[in-house]
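Starting from the structure of chain P, add chains X and B where the hints point.
These are the residues of each chain, in order.
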Amino acid sequence: MARILVVEDDQDLNNAYCIILRHDGHEVANAFDGREALEQLKDFTPDLILLDLLMPVMGGLEFMQQWGKLGSSSEAKVLIFTNMENSPEVVEAYKLGAHRCIIKSWTAPHNLSKVVNDSLRSSPDVKKGKSPRPKTPAR
Amino acid sequence: MPRMPGNEPPFSGLSSSVLTSHGQRAEDEALFTSIGDGAIATDAFGRITRVNPAAQQLLGYTEEELVGSWLPKKLVSVTAEDKPINLIDRPITRAFLTGKPISEKIYYRRKDGQKIALALNASPIILKGRPVGAIEVFRDITKEKEIDRMKSEFISLASHQLRTPLSAIKTYTHMLSDGYLGKLTAAQKKSLGTIISASDRMNELISTLLNITRMESGAIEVAPKRLRMDKIAEDVIKELALVAKNKSIDLSSAVKGKGDPCIKSDPLIVKEVMTNLVSNAIKYTPEGGQVRLRIRPRAANVVVDIIDSGWGIPKYSQDQVFSKFFRAQNIIKRETTGTGLGLYLVKGLIDALGGRIWFVSDEENGTIFSFSLPRDAVPPKPNEQAKYL
Amino acid sequence: MPALPNYSLYEGVVRITRVYLGPAAGRFIDRQVENHLHKAPAELTPADLMVLIDWLKISVSHLTEDSEIVEEYVSELHKLADEQAKPKRGKGKS
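Protein chains in written order, with the numbering used here: chain P, 1 to 139; chain X, 1 to 389; chain B, 1 to 94.
For reference, chain P alone in the conformation it holds in the complex:
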């Protein structure tokens, strides 16, 4: 079991990822943009962050830059979600420390579970942290 933060502006996809990851037994927090994600990180220490790049208010790259500036000692891995493979944004994300890039439209639930598990397997031991703030999709 791991602690995973899902950051995705599309409500349907955000909801789906939370269902899949909770089904796999993980503790999941979610946010709909980078600013909300930074807020979540005050109370929730994830082992893994699933991060969409193109989001309103604060996108994935800006989130990574701001998170880096906070000087957090977190060792959470960042998996980038995008539909823009080969884009300069993905290249920049890797430079900012992203672990891996997942193409949203090609990723079925079982693939998501596999990618998450593969990434966690190489992570340090799961840390105990605070509980996530509950978040319901805004409609």
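In case anyone wonders, no lab produced these hints; they're calculated from the structure. For every residue, glycine included, the Cβ atom is placed at its ideal position computed from N, Cα and C. Hints are not guaranteed to be accurate.
Listed next, the in silico DSSO-like pairs over lysine-lysine satisfying Cα-Cα at most 30 Å (straight line) [unchecked claim]:
id: 1; chain 1: B; residue 1: Lys79; chain 2: X; residue 2: Lys128
id: 2; chain 1: X; residue 1: Lys264; chain 2: P; residue 2: Lys95
id: 3; chain 1: X; residue 1: Lys190; chain 2: P; residue 2: Lys114
id: 4; chain 1: X; residue 1: Lys83; chain 2: P; residue 2: Lys95
Examples of chain X residues toward chain P, derived with CB under 7 Å [claimed, not checked]:
id: 5; residue: Asp43
id: 6; residue: Gln114
id: 7; residue: Gly179
Then chains X and B, alone, in the frame of chain P:
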């Protein structure tokens, strides 16, 4: 030619050779002045000798400000990021190095300091077999660059906008099918399978269309990295294993020979090419057939063969295989899906990587598609600046 | 009869050019010879050099504004061509 009465030349006191020479010069001058694109000529020392009105207007200088000055210093050529380009890399210098016209898109700094995007052609001026100067002809492509930028932005946006709803379709149908939201009947699962398959095809089509648009507008960016061709082949095989298994097709890869399978190229593009070709091979091979990838390292490049025992390509269709929208007749009857865009895209991507693609096929024995990629995709560095001058 | 390889002339041209262009000289001369004379650099003859000088002069004139340096460079090349064009004396002539 006999002179007609009433057609006496105006300066009848001058000799005819002088008159002809004057007339010729006036004509040349009118010709140079009338060129709609900017034109600048230099002498053998690089000094500007002539500038036409279009060039003056594009660069913001008067004729007096330009004529007599040394062109490379007066007209600074810069990159899109405003960095000056080395003199030895400028089109005019390369025109002298090669003896041939050089065409390029560049930026010049205008008199007001702004940079202007130009499509420029630089040529040596040859008189009796000897170079005596150069001529640059150029036109403003600011609007074209803006259109290219808008196209790239549209492609990125369309990619995201089209794929987001598809992501949701794929994710939820899979969740339903895999039991994340409760148990389903067999019939429900089968229907979901149909939706999944259709959304996969739509996704593939969007991907292909967007890649082709990028390719045709020159927006494919090659990001070279050191990669192993055999490793990419293994990844492709893993991803397509299920599709092959569903048709009981034996899918495998191997390296032939002891050479190094590493090259420097763009791994995402190489994988796209291999996936396309292997996917085609599986699609166009009947059940129970074979598809093999063979990696052949050679001295200057690595060759990849995709060998199938499929239906083959009829001889009369083979010269159109890489054309847009082409699908062979023998295939259309058996496999109605397919856009005819895959091989057109693959060829474009191979060209972008500096490689070559070819095939051998007949309807009895199947097809071998082969492509080669150079060991080093990085373009050669420009000559060192002549810094001793 | 094809010209024998004339390494000393080619090397001389590169040596002189290196004074003005630095380490890029070799590649610069190679490209000029291949593109304008359509032969291998080492096959350069004194007659070829006279043709090549025109191209070297105009190329270098677009790399430096200092026409004195260009003339100096060209003058050195002319000297080399003249030296190479002189018939060589054999040893032990009777």
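Going through the hints against the structure:
1. Lys79(B) <-> Lys128(X): holds, 24 Å
2. Lys264(X) <-> Lys95(P): Within the cut-off at roughly 20 Å; holds.
3. Lys190(X) <-> Lys114(P): It holds: about 24 Å lies between the C-alpha atoms, which stays within 30 Å.
4. Lys83(X) <-> Lys95(P): Satisfied, since the Cα-Cα distance of roughly 24 Å is no more than 30 Å.
5. Asp43: violated, 44 Å
6. Gln114: violated, 25 Å
7. Gly179: violated, 9 Å
Comparing the model with each earlier hint shows violations of hints 5, 6 and 7; every other hint is respected.
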